[in-house]
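Assemble the whole structure, with the sequences as input and the hints as a guide.
Residue numbers (the numbering used here): 75 to 287.
Keep in mind that the hints were calculated from the coordinates and are not lab data. If you're wondering where the values come from, they're calculated on a predicted model, not measured in any experiment. Note that the Cβ used here is the ideal one computed from N, Cα and C, for glycine as well. Wrong hints could be hidden among the right ones.
Unchecked claim - Simulated crosslink set (DSS-like; lysine-lysine; CA at most 27 Å straight-line):
| hint | residue 1 | residue 2 |
| --- | --- | --- |
| 1 | Lys271 | Lys245 |
| 2 | Lys186 | Lys271 |
| 3 | Lys257 | Lys186 |
| 4 | Lys186 | Lys245 |
| 5 | Lys271 | Lys257 |
| 6 | Lys245 | Lys257 |
Unchecked claim - What follows is a list of derived Cβ distance ranges for each label pair:
| hint | residue 1 | residue 2 | range |
| --- | --- | --- | --- |
| 7 | Met79 | Phe207 | 42 to 48 Å |
| 8 | Val105 | Ile268 | 45 to 51 Å |
| 9 | Ser115 | Lys216 | 34 to 40 Å |
| 10 | Ser230 | Asn98 | 42 to 48 Å |
| 11 | Phe224 | Leu119 | 37 to 43 Å |
| 12 | Phe81 | Glu221 | 49 to 55 Å |
| 13 | Ala248 | Leu82 | 40 to 46 Å |
| 14 | Ala248 | Ser122 | 41 to 47 Å |
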Amino acid sequence: MQKKMLFLLLKLLFSVALILWITNDIALDAVLGVMASSNASLLALAFSLFFVGYVIAAFRWRTLIRVQSGDAPIFFLVRSFMVALFFNNFLPSTVGGDVVRMYDSWRLGNSKSDAVTIVLVDRFLGVIVLLCFALLALMFDKTVAGEVPFIAVWVSAGLGGLAMTTWLILKIPASYAEALALKGGGITAQIGGILAKVLRSFQAYRHARSAVL
Numbered sequence: 075m076q077k078k079m080l081f082l083l084l085k086l087l088f089s090v091a092l093i094l095w096i097t098n099d100i101a102l103d104a105v106l107g108v109m110a111s112s113n114a115s116l117l118a119l120a121f122s123l124f125f126v127g128y129v130i131a132a133f134r135w136r137t138l139i140r141v142q143s144g145d146a147p148i149f150f151l152v153r154s155f156m157v158a159l160f161f162n163n164f165l166p167s168t169v170g171g172d173v174v175r176m177y178d179s180w181r182l183g184n185s186k187s188d189a190v191t192i193v194l195v196d197r198f199l200g201v202i203v204l205l206c207f208a209l210l211a212l213m214f215d216k217t218v219a220g221e222v223p224f225i226a227v228w229v230s231a232g233l234g235g236l237a238m239t240t241w242l243i244l245k246i247p248a249s250y251a252e253a254l255a256l257k258g259g260g261i262t263a264q265i266g267g268i269l270a271k272v273l274r275s276f277q278a279y280r281h282a283r284s285a286v287l
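Written out as structure tokens, the structure is:
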């Protein structure tokens, strides 16, 4: 019990230290003044939307986990998602947060290949949605399209590439990768074995359209 309290105290001190460090060069009086002059209801709504987004992301994550015959409490996934966001903000890339989510997916009883696939599919769906929004924005905002040459072509090519990659992943039999593992040796066999597991995990979503739409 004392160790838990000590660990909690250390986390609180670390959080306070980070907040003080981040706000060191910020004019807090000006920030507080802007907040005081803002509409309190709209401000509360704006802050609450962050947590609504976390809950929606957690439900999507749980749906992907259930396709792999697993399950998870929403509160656990929300907490894991927030921890992952912390690592995304303080590390040079978003890989740290994805590793946290993969680890937590594995802790829930999924195999390592399933845990990796769950997060990759989640990321993959996010990229597709962003590209779709970008393509729609280009259709309605001609200014952006004029400032960046051929941007519509690049976005369309990105969507086409993602669609082709998805089709290949879902259609290539895992037995091909298994054959590679059996024929090769050493690193080739290991890579083939990993590919076979990942392909099987991905192909579990082939007949689970409700999970990816």
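Going down the list of hints, with the structure as the test:
no. : hint                        : in the structure
1   : Lys271 - Lys245             : 14 Å, holds
2   : Lys186 - Lys271             : 9 Å, holds
3   : Lys257 - Lys186             : 24 Å, holds
4   : Lys186 - Lys245             : 22 Å, holds
5   : Lys271 - Lys257             : 17 Å, holds
6   : Lys245 - Lys257             : 22 Å, holds
7   : Met79 - Phe207: 42 to 48 Å  : 46 Å, holds
8   : Val105 - Ile268: 45 to 51 Å : 49 Å, holds
9   : Ser115 - Lys216: 34 to 40 Å : 36 Å, holds
10  : Ser230 - Asn98: 42 to 48 Å  : 45 Å, holds
11  : Phe224 - Leu119: 37 to 43 Å : 39 Å, holds
12  : Phe81 - Glu221: 49 to 55 Å  : 51 Å, holds
13  : Ala248 - Leu82: 40 to 46 Å  : 45 Å, holds
14  : Ala248 - Ser122: 41 to 47 Å : 44 Å, holds
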